[in-house]
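Below, each chain spelled out in residue letters.
2 protein chains.
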Amino acid sequence: MPSALIFIADGTEEMEFTITYDTLVRGGVQVTSAFVPEPTSSVTTHVSPPAAKGSRGINILPDTYFEPQESGPDKYDAIIIPGGAKGADTISKTPAIQELVRTYLNEDKIVGMICAGSLTALTSKLPKQPLTSHPSVKDSLKDGFDYSEESVVVSNGLVTSRGPGTAFPFALTLVELLSGAAKREEIIGPMVFPPNAPLR
Amino acid sequence: MPSALIFIADGTEEMEFTITYDTLVRGGVQVTSAFVPEPTSSVTTHVSPPAAKGSRGINILPDTYFEPQESGPDKYDAIIIPGGAKGADTISKTPAIQELVRTYLNEDKIVGMICAGSLTALTSKLPKQPLTSHPSVKDSLKDGFDYSEESVVVSNGLVTSRGPGTAFPFALTLVELLSGAAKREEIIGPMVFPPNAPLR
Numbered sequence: 001m002p003s004a005l006i007f008i009a010d011g012t013e014e015m016e017f018t019i020t021y022d023t024l025v026r027g028g029v030q031v032t033s034a035f036v037p038e039p040t041s042s043v044t045t046h047v048s049p050p051a052a053k054g055s056r057g058i059n060i061l062p063d064t065y066f067e068p069q070e071s072g073p074d075k076y077d078a079i080i081i082p083g084g085a086k087g088a089d090t091i092s093k094t095p096a097i098q099e100l101v102r103t104y105l106n107e108d109k110i111v112g113m114i115c116a117g118s119l120t121a122l123t124s125k126l127p128k129q130p131l132t133s134h135p136s137v138k139d140s141l142k143d144g145f146d147y148s149e150e151s152v153v154v155s156n157g158l159v160t161s162r163g164p165g166t167a168f169p170f171a172l173t174l175v176e177l178l179s180g181a182a183k184r185e186e187i188i189g190p191m192v193f194p195p196n197a198p199l200r
Numbered sequence: 001m002p003s004a005l006i007f008i009a010d011g012t013e014e015m016e017f018t019i020t021y022d023t024l025v026r027g028g029v030q031v032t033s034a035f036v037p038e039p040t041s042s043v044t045t046h047v048s049p050p051a052a053k054g055s056r057g058i059n060i061l062p063d064t065y066f067e068p069q070e071s072g073p074d075k076y077d078a079i080i081i082p083g084g085a086k087g088a089d090t091i092s093k094t095p096a097i098q099e100l101v102r103t104y105l106n107e108d109k110i111v112g113m114i115c116a117g118s119l120t121a122l123t124s125k126l127p128k129q130p131l132t133s134h135p136s137v138k139d140s141l142k143d144g145f146d147y148s149e150e151s152v153v154v155s156n157g158l159v160t161s162r163g164p165g166t167a168f169p170f171a172l173t174l175v176e177l178l179s180g181a182a183k184r185e186e187i188i189g190p191m192v193f194p195p196n197a198p199l200r
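Quick mapping for you: the protein sequence lines, in order, are chains A and B. Heads up, the first sequence stops at 200 in the UniProt record's numbering, and the numbers go up one at a time, no gaps. Heads up, the second sequence stops at 200 in the UniProt record's numbering, and the numbers go up one at a time, no gaps.
Just so you know, not all the hints are guaranteed correct.
Just so you know, same-sequence chains aren't split out, so a pair can sit in one copy or run between any two.
[Stated by the list, open to error] Straight line, CA to CA, 30 Å or less: simulated DSS-like cross-link-like pairs of lysine-lysine: (1) Lys109 x Lys183; (2) Lys125 x Lys53; (3) Lys93 x Lys142; (4) Lys183 x Lys138; (5) Lys86 x Lys183.
Hints were generated in silico from the structure; no laboratory data involved.
Based on the sequences and whatever the hints tell you, model everything.
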């Protein structure tokens, strides 16, 4: 069974987190959410994670604390970074996550980033390649990457997307990469999209 | 400021809950989530609500416990019932919610139901009128209502929709009814939908 680790922090965009997590579960992926504390956090003992306060006030209980040594490509097939300005700032500035992003891509695993989460491509010092993001952070990314305005951009293992409105195409792309095209098609019907909804 | 109460229970479809809550907050609506215990629950003291376990395993902390006397149309402009088979079963079979549904509609307030949440129209014994739902519960609803397969159906104050894939059009319709068409248009841009995405 393919598996994915999705990061969550205070300020994560809760639609991007929830749509990705839920759609991956529908797509036969074992998903774990990991709480990333702010870099300035004084928390040193990691017993059980607090609720993450989403960007619009929904409180979500993560499955576990982020532990770098439990998050490597030997444990998961993909890591995923949602947006939300404050949450993406916390996640993208966490050195252990920057290192994981490089390691996953070097080992031909999948790294998903959506919305402001794409800033992690910059902080992880990834080489210039096709990428997209929320328009609000385009200026930070357009020089270091081949910036695209497609809803979903796949550059080898790096999958990027734009915002809550593209979260379904983003999540379905990840399902296809992790579980195959047949599984992707199988789960679309019960989700009841409007006729002619663009899903790529 | 317009306000809305959205119900959540164990088994609620977390995308439908989150997309609706978050989009309404973006649309200038003050949103409160209320936990609805199963009818067989032995919990008698309501201090702080437990996390609701979503249909695909995401744990969400509700803002408050559902208290019928704090949930009337004097307190909110709308009540909203998300889907997810088990969560919708709990919510639709709660007599105090059935009574609220009738009261809100009688007072020309708004009642939103999506996916299996539309079963609450049946359990609340609403009169025959246009309605939609998740296809899986169509057979329970097609005789008592003018069943439609539109993504969103507005029948006076009753707003119904189909599933996670129609949750954005559903939420944007509620924003328009609660905050106006200009607010609806204002929030669509930053959500970054794909070009030509059907949003009604």
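Q) Checking Lys125 and Lys53: alpha-carbon separation at most 30 Å within a copy, between copies, both or neither? A) within (28 Å within a copy, 37 Å between copies)
**Q.** Within, between, both or neither, where Lys93 and Lys142 count as close if Cα-Cα is 30 Å or less
**A.** This pair counts as within: shortest intra-copy Cα distance 19 Å, inter-copy 53 Å.
Q: At 30 Å max between alpha carbons, let me know whether Lys109 reaches Lys183 within a copy, between copies, both or neither.
A: within (19 Å within a copy, 41 Å between copies)
Q) When no copy is named, should Lys183 and Lys138 be tagged within, between, both, or neither for a Cα gap of at most 30 Å? A) between (33 Å within a copy, 25 Å between copies)
Q: Classify it for me, Lys86 with Lys183: is the Cα-Cα distance of at most 30 Å met within a copy, between copies, both or neither?
A: between (33 Å within a copy, 24 Å between copies)
Against the hints set out earlier in the document, no violation occurs for any number.
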